[in-house]
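Colleague: If you want the building blocks of each chain, they are given just below.
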Amino acid sequence: MPKPPLQFTRPARPEGRTEQRDMRPAPSPAIDLDSPEVQAFSLRGRVAVPPLIEDGAGEGARAMEPVARSSASAPEPEPPLLDDLIVDDPWRHVAIKLPAVSGRKLSEIADLRCSKRTRVALELLQNPLRDLARAHRSGEYPPLRRVSAGVSRSGVSLILPQDLADDLRHVVETRRAVKAQILARLLVPEIDALYIKEVLHRH
Amino acid sequence: MQLLVGGVKGGTGKSTLAVNLGVERARQGKKIILVDADPDQESLSDYIANRDEHGAMPSVPVVQVKGSTTAKSLQALGRDFDDVIVDCGGFDSIELRQAALISHAWVVPLNPSQLQIWTMPKLKSVLDEANAMRGDAQLTGWLLGMRISTNPYSSAKDDLQAVAEAFPGFRTLRTIVHQRAAFEKAEKLGLAVTELEKPNTSERRARDSIRELHREVFGVTDAIRAANA
Numbered sequence: 001m002p003k004p005p006l007q008f009t010r011p012a013r014p015e016g017r018t019e020q021r022d023m024r025p026a027p028s029p030a031i032d033l034d035s036p037e038v039q040a041f042s043l044r045g046r047v048a049v050p051p052l053i054e055d056g057a058g059e060g061a062r063a064m065e066p067v068a069r070s071s072a073s074a075p076e077p078e079p080p081l082l083d084d085l086i087v088d089d090p091w092r093h094v095a096i097k098l099p100a101v102s103g104r105k106l107s108e109i110a111d112l113r114c115s116k117r118t119r120v121a122l123e124l125l126q127n128p129l130r131d132l133a134r135a136h137r138s139g140e141y142p143p144l145r146r147v148s149a150g151v152s153r154s155g156v157s158l159i160l161p162q163d164l165a166d167d168l169r170h171v172v173e174t175r176r177a178v179k180a181q182i183l184a185r186l187l188v189p190e191i192d193a194l195y196i197k198e199v200l201h202r203h
Numbered sequence: 001m002q003l004l005v006g007g008v009k010g011g012t013g014k015s016t017l018a019v020n021l022g023v024e025r026a027r028q029g030k031k032i033i034l035v036d037a038d039p040d041q042e043s044l045s046d047y048i049a050n051r052d053e054h055g056a057m058p059s060v061p062v063v064q065v066k067g068s069t070t071a072k073s074l075q076a077l078g079r080d081f082d083d084v085i086v087d088c089g090g091f092d093s094i095e096l097r098q099a100a101l102i103s104h105a106w107v108v109p110l111n112p113s114q115l116q117i118w119t120m121p122k123l124k125s126v127l128d129e130a131n132a133m134r135g136d137a138q139l140t141g142w143l144l145g146m147r148i149s150t151n152p153y154s155s156a157k158d159d160l161q162a163v164a165e166a167f168p169g170f171r172t173l174r175t176i177v178h179q180r181a182a183f184e185k186a187e188k189l190g191l192a193v194t195e196l197e198k199p200n201t202s203e204r205r206a207r208d209s210i211r212e213l214h215r216e217v218f219g220v221t222d223a224i225r226a227a228n229a
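Note that the protein sequences, when read in sequence, are chains A and B. Read in order, the letters of the first sequence are residues 1 to 203 in the numbering used here. Read in order, the letters of the second sequence are residues 1 to 229 in the numbering used here.
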């Protein structure tokens, strides 16, 4: 390919291109989000499909059937919904990196319950985090199983209830730890146990 | 301001852009939240988890939303935060459509390669359908040259302009974000490129492009807020 010739004058610029316009945001639209038209428009978008579990669960496990809640979780209050968000405490916002296989197990459990990953994760965290905080307050610092997320990871973002956020803060500050590490180490064994109970034992 | 970062092609830099804009916004003292609306990948959550692990400040909250209640969740967040930045997956999803209904701005990161340009008709149909329901509050797609080669002979800027002219309803942002190692380095550390310490020349250029983009995207909103204050 021949070398392009040098140009000694600037090229002419088309009208309009040199003009720098303000990028003005659109105003807030007044839309009835519950209208059939809006629902139809939304549903023309593709639904995200949860990834397949690699370790043993077959197609049957993917059926969207409700599963009986474990007795341990029954009396727990419902985790907060997005609308209940109180945002002043940064300790309530946590983002956790899970090993990919744990993330997929969490998705599978949530699907079988017709629930959400975040809701299941919150439920699973409550007791171990409270127990850990209680242990720390009594001067014990139990070791936590190391979790290696590896290269392939699955993230889950949670909004903790205020009391759990307080417990988390106490644990993190006492151990001088990283909050996402504490939560991942608590969550992974709980996911494994619940996966065996609610998914694998169905077959 | 509800800012949608989305497109129908994966790997265009949506999550990278959302985090970098979000962190810069937080550094400006704005109360912001990132919304991970990509249940397939959850890249944004991973990024922020990595950021939290590294103890980077300011802390930037992230939440995940999914499905046909996405728009309502975003509206609820909009009442509590100055700015909500939504990262949707690289496909025509329910979440993308819901966000397009209520967002104030939609940034489409695009490296105008042929494969990416071929996704534009799909994107335009989503935008047009959303605008058909938005009444007077018409949404414009802001095309951002993202991951553009630093080669001075690259025609990406002209190509991007040609794309905007071919697809009414879209305009080009004047900022160009080039492909730079600084973004990968920052990503490993859970940082935005604006937070890299002792930046080299390339890292400074990456930082400057994000700051320029921040001004371009949020400038009008900030001016209106300042005038109303």
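Since the hints were derived computationally from the structure, they do not count as laboratory data. These figures come from a predicted structure and were not determined experimentally. Any given hint could turn out to be false.
[To be verified] In silico DSS-like pairs for lysine-lysine, Cα to Cα no more than 30 Å straight-line:
1. B:66 / B:198
2. B:157 / B:66
3. B:157 / A:3
4. B:185 / B:157
5. B:66 / A:197
Colleague: Hints first: check each against the structure and report whether it holds.
Modeller: Consistency of the hints with the structure:
Simply put, residue 66 (chain B) and residue 198 (chain B) have alpha-carbon atoms about 39 Å apart, too far for the 30 Å limit, and the pair is violated. With a CA separation close to 34 Å, the supplied pair residue 157 (chain B) and residue 66 (chain B) exceeds the 30 Å bound. Using a Cα cut-off of 30 Å, the hinted pair residue 157 (chain B) and residue 3 (chain A) holds, with the two alpha carbons roughly 21 Å apart. The straight-line distance between the Cα atoms of residue 185 (chain B) and residue 157 (chain B) is roughly 25 Å, inside the 30 Å bound, and the hint therefore holds.
For the proposed pair residue 66 (chain B) and residue 197 (chain A), the alpha carbon gap of about 26 Å is at most 30 Å, so the pair holds.
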